[in-house]
Amino acid sequence: MAVRRRLPGALPTGGRFFGGGPETHSGKPHRGDRSSRTGWRHRGRGGSARMSGPGRLTVIETHPVQYRAPLYRRLQQRHGIPVTVLYGSRRGVAAARDPGFGVPVRWDTDLLSGYDACFLSGAGRLRLGRTLARIGPAAVLLTGYASPVLQAGFFAASRLKIPILFRAETTDVGRAGDRLRGWSRDWALRQLYRRCAAFLYIGDRSREHYRRLGCPEERLVFSPYGVDGVPFESDERARERLRERTRAALKIPADGWALLFSGKLIPEKEPGLILRACRRLSDPLRRRVVLIWMGDGRLRTSLEADSAGAPAVESRFLGFKNQKEMSPVYHAADGLVLPSRRETWGLVVNEALQHGLPCAVSDGVGCAPDLVIPGRTGEIFPAGSADGLAAALTRLGSFREEAAARAVRRGTVEGYSLERAAEGIAEAVRRFSGSGAR
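My numbering numbers the first residue of the sequence shown as -8 and each following residue consecutively.
For the record, the hints were derived by calculation from the structure and aren't laboratory data.
For clarity, every value in this text was computed on a predicted model and none was experimentally measured.
Where hints are given, some of them may not hold.
What the hints assert, rightly or not - Computed Cβ-Cβ distance ranges for the label pairs, DEER-style: (1) 174 / 393: 23 to 33 Å; (2) 171 / 308: 37 to 47 Å; (3) 178 / 209: 22 to 32 Å; (4) 87 / 296: 25 to 35 Å; (5) 151 / 101: 50 to 60 Å; (6) 177 / 395: 42 to 52 Å; (7) 389 / 117: 53 to 63 Å; (8) 121 / 46: 32 to 42 Å.
A virtual CB, placed ideally from N, CA and C, is assigned to each residue, including glycine.
Turn these sequences into a full structure, and let the hints steer you where they fit.
Here is the structure:
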């Protein structure tokens, strides 16, 4: 297990400041250890020998993310690239109220082992350039530009002439509107992208975005969005074991058609569109529908009231579920619905396909052109259209529910795996570290 170390200006895992050496996974410093003055020695399993040195990749993140931490572990352990991640906060590893779910969230998977991780204090973010200079990475990976810590990362890496690898949820979906605002955004992004050595696109729309803004084709590297399969039990054997017992626990009738919404119950996801679409289904199909709501958020109360209105739509509200609790629910369902008006990717679609489920996805969801093949892995409908979603659900209802069909869906998402994502980042490190942006 890699050791979490205290770089200059870093906040230890335990939430206290220590004046001396590096911090271990337990949150306690090594007394009398002065190694932080000359380099950061690893003292646990899975990390690298030093936090500085040639070939090291430094990642700057707002907080530990359950979808990305396993990727950094894989980069180090399977591709031999030493990784240090500088986090701006402890959200995700320390229980805290999630603004979207509206409940305290602490992920039940290991987000910190297998690579070197460090939490920056407020002062540490201001001194990020000094921290990067001490680490001396071959390249810096940035995952966005909106937050202060990521903006500080751009500035510091540029000033130190460290090559920037940019891998973010980029898309042009929903950019139509205020032309002046769109022009201003494009101008700002072009200035930002001029600082980058490489652009790791996560899917088709991400690549189109970079191309539209003039990013050179030779600097585009595919590093898809994917999910870690470790927390899940997604194969056919698990389905046979979990499906019927979970449906029984949820009181889903034998002929019930269970449609799953997984995510935050917030306006941006447009969950209410599912209820409106279900009321437009033919009576025989509507009577079979059981909606499973896996998630929480500020719209939950209104959705509960709406589902009970006439005509009623059978619903099961499960609240927030942690990663290791999700597979039984996915196996209990017959399909996933993601109606977001605008979603940069939609990793719940990856999760659903990994479990063999077909998906009804709006055309505002970033992964739609990559993962949703009409008639095979799901259906695509116009964002915001209840009639469009009802038609998509009607088509989804005719999908074959055989093991072979589920294998096709699982196969579709194999190209969007963590391993493929790690391969893309490793390629970018090899090709662009030390070259810098031009």
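Hints, one by one, checked against the model:
Separated by about 50 Å at the C-beta atoms, residue 174 and residue 393 break the suggested range of 23 to 33 Å. With their beta carbons about 42 Å apart, residue 171 and residue 308 fall inside the hinted range of 37 to 47 Å. Distance hint check: the CB atoms of residue 178 and residue 209 are about 23 Å apart, consistent with the given range 22 to 32 Å. A beta carbon spacing of about 29 Å between residue 87 and residue 296 agrees with the range 25 to 35 Å that was offered as a hint.
In this structure, residue 151 and residue 101 break the distance hint of 50 to 60 Å, their C-beta atoms being roughly 31 Å apart. A C-beta distance of roughly 45 Å is found between residue 177 and residue 395, which places it inside the suggested range of 42 to 52 Å. For the pair residue 389 and residue 117, the beta carbons lie near 58 Å from each other, so the given range of 53 to 63 Å is met. For the hinted restraint 32 to 42 Å between residue 121 and residue 46, the CB-CB distance of approximately 21 Å leaves it violated.
The structure fails to meet hints 1, 5 and 8 from the earlier list, while all remaining hints are met.
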